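Read off the chains here:
2 protein chains.
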Amino acid sequence: MSEVADYIDINKEQFKHELFDFLRIPSISTDSDYKNEVIDAANFLLDNLNNLDLDRAEVFETSGNPIVYGELITDNSKPTVLVYGHYDVQPPDPMDKWETPPFDPKVRDGDIYARGASDDKGQSFTHVKALEAYQETDTEFPVNIKFIFEGEEEIGSPNLVPFIEEHKDLLECDMVLISDTAMFAEDTPSITYGLRGLAYMEINVQGPNRDLHSGVYGGAVDNPANVLCEIIAQLKDEDGVIQIDGFYDDVVELTEEDRETFKKLPFDEEGYKDELGLKALKGEKGYNTLERTSARPTLDVNGMWSGYQGEGAKTVLPAKAGAKVSMRLVPDQDPKKIAKLFKEHVESIAPDTVTVEVEEHHGGHPAITDLTFYGLQAAADAFEAVYDKEPFFTREGGSIPIVADFQKILGAQSILMGFGLNSDAIHSPNEKFALKDFYRGIHTSSKFFELLPDYS
Amino acid sequence: MSEVADYIDINKEQFKHELFDFLRIPSISTDSDYKNEVIDAANFLLDNLNNLDLDRAEVFETSGNPIVYGELITDNSKPTVLVYGHYDVQPPDPMDKWETPPFDPKVRDGDIYARGASDDKGQSFTHVKALEAYQETDTEFPVNIKFIFEGEEEIGSPNLVPFIEEHKDLLECDMVLISDTAMFAEDTPSITYGLRGLAYMEINVQGPNRDLHSGVYGGAVDNPANVLCEIIAQLKDEDGVIQIDGFYDDVVELTEEDRETFKKLPFDEEGYKDELGLKALKGEKGYNTLERTSARPTLDVNGMWSGYQGEGAKTVLPAKAGAKVSMRLVPDQDPKKIAKLFKEHVESIAPDTVTVEVEEHHGGHPAITDLTFYGLQAAADAFEAVYDKEPFFTREGGSIPIVADFQKILGAQSILMGFGLNSDAIHSPNEKFALKDFYRGIHTSSKFFELLPDYS
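If you're matching them up, the sequences are chains A and B in order.
The numbering of the first sequence is the UniProt record's numbering, which starts it at 1 and goes up by one.
The numbering of the second sequence is the UniProt record's numbering, which starts it at 1 and goes up by one.
All clues stand as given, with none of them false.
Copies of the same chain look alike in the list, so a pair counts if it works inside one copy or between any two.
Taking lysine-lysine pairs in the DSBU-like style, the calculated list, with each CA pair at most 30 Å apart, reads:
1) LYS285 to LYS320
2) LYS320 to LYS279
3) LYS408 to LYS78
4) LYS264 to LYS279
5) LYS279 to LYS263
The set of hints was computed from the structure by calculation and includes no laboratory data.
These numbers were taken from a predicted model, which means no experiment stands behind them.
For reference, chain A alone in the conformation it holds in the complex:
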């Protein structure tokens, strides 16, 4: 097997250059202005798969962004791994906060800085390069492999689930391999076995039929911005407990065992605060930071707007105010049910002085993978072989809704083999991905494919 590992070490620069080409494509799925760039990213991946010796590689059109598919069946007695990743990225704004342009990748202090470096171009690309390492060294590939890359993960994968349902046979597999999560800490590999779900909402408050002079009308006409603040302030109490009726009904409470697992994790709360520049943390009363960010549901304003945001002062009583509000969910909360409860609650507390509309953006189910699953053990040993450390098993606060869908539709469990770090600033300016973890990721992936047959 050393040829494979050697090939990876020898070709690091080449892999980096290819990833940089991938990162230069602004495939922003949340903004329709970038439709063409999203398609460019899909074609970039298709070209990469075509350069491998696969049984098939093609692009499937959807009503949204295309799905890139590839497969290599080596031996039907071997396990089949479905590698999932996404080639779309979050918007880069606020642009002025980037030290170097988001779509002009640069390496600083051993980190690749670019939008999508960690989420998810850099991470998902590792598996393509791992397969290349086997084929370029004429080493028999130890398992059957299928690739599926979508371009709508950042907008809630509206077309992926229908695609999976229509192509159950094509996608049949023994497990799904996903690299779109973070390690517990630098040089501290971890395998995520739990993910939070998501319900993403938008509240729009309409007051008077036009912006008004705050002197002429102020005092008699209720202010949509003040009303929006009052509504949002009522969604949580001072203990950080969400006040939406029925919100916690389906939440699986943490067992003592769960809480012990969390306590075992090496977590430095002071370092965590320092890295964020915070004097104090706040969350749901009765839970610690790791529990709050992974095993408990939460509610956050993601965006808010009203009236005059420009320089200086404008004495306007705004006609409208709006906010994007999302809730992270845990087993067994259902995003559709939570969205409905949120809408009903907000409408029930809205005053009759304004018109409040609540719209549902995308959502996703929370997920848990069985800790005894053999794929997880192979992944753990692959990590240990490369990082020389036994990985932690953790739950993560982010959402990969598709994990629950793969389980439901294909009956396949997911292995979340993350090579990123929580400090990668994904979804933020100056997103980064450690170059060494890009390379170690390719090694870990190839090791995983090598070990897997022996565990099945």
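Go by the hints and put chain B onto chain A.
Okay, now just chain B, sitting in the frame of chain A:
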């Protein structure tokens, strides 16, 4: 005197064309990008004064926008009227709400649509044209007149008060004439004898040192947007009573007589709601709409921002959130004192999970003019002569801080001879000014100058 009135009627079209030229200048003082246009507007007025036969007309530079001055002393035994107006305008945004471009004046249904049409270019221009009517008809001008036009009214007149203090002799007068207010209703002239003051603040909340992924950090890191909403929601109680300690200490309570005066005014609350497209109004408990909008202080969010405001959904936990919040003040509230109380209160309720900064924008004192002042009587009779209706004496919710300053520095009371309407949408898209009131304004101004000497 009929020659003067005839001249005004004959030259309506010409006056309109000149006003349109004035309105085409985007003299937006709140945005430094329009510095040159602000100066163009000052020069437009200077040219207009130079076309009159004045003793002097000139532009005074300030550290900000220039002050345009002109004077004509006809007879020292006659009263001297200082005409004040402002040539700067509010920003036009939201641009997409304008039916015709804000700086391309158009007449629809007898109304001039343009930013500044009513506030204050159209209204203040009436007095210049009134003097022109006297001079072009070789009619002796009945009083001494001084003009002072500033370009910083919409940003709180930072340089006007110092200018007045430095030029007390130059500006010495018996009264100040200002047309920058609204009539009580269409064809229903009114003279404003009370104005509210203003304290305009900005709150900036800083949470983590960067935007964060709401899944990875949500639940443990306090959200600046949620915190801002909680702060703003705490500024008023459910009865609309402002919760800032000491806020009401200096408020002069309404007397029974005051409340009777309000009751006399013909006010159609249903029509008021319909015109604004509102099902219900809300304000301070225990007061009616007219009292709430003119004789009681209030607090409004004028603008608010945080996180992602674009299309679709972005799962970000924003690093920052901010809001512009202003308070309208009534006698004897002091804007500096109120600003201080606001700052102290907000800082006192801010949690230690974020950093909250409170900045003071401009402020202004409330004002009341003595109802027995002879200038008010002359103004009332001038209105009645032109509109054929006895004007109401009203208090207005808007702020013209300079009125209190003229009183304090020059010892001169102000006559607020408004020709606008509350429905003029000043500070809003589609600002308008009735063409007939532009013309009636010129007539009323010339009549006022004619009558004034007999009342002194």
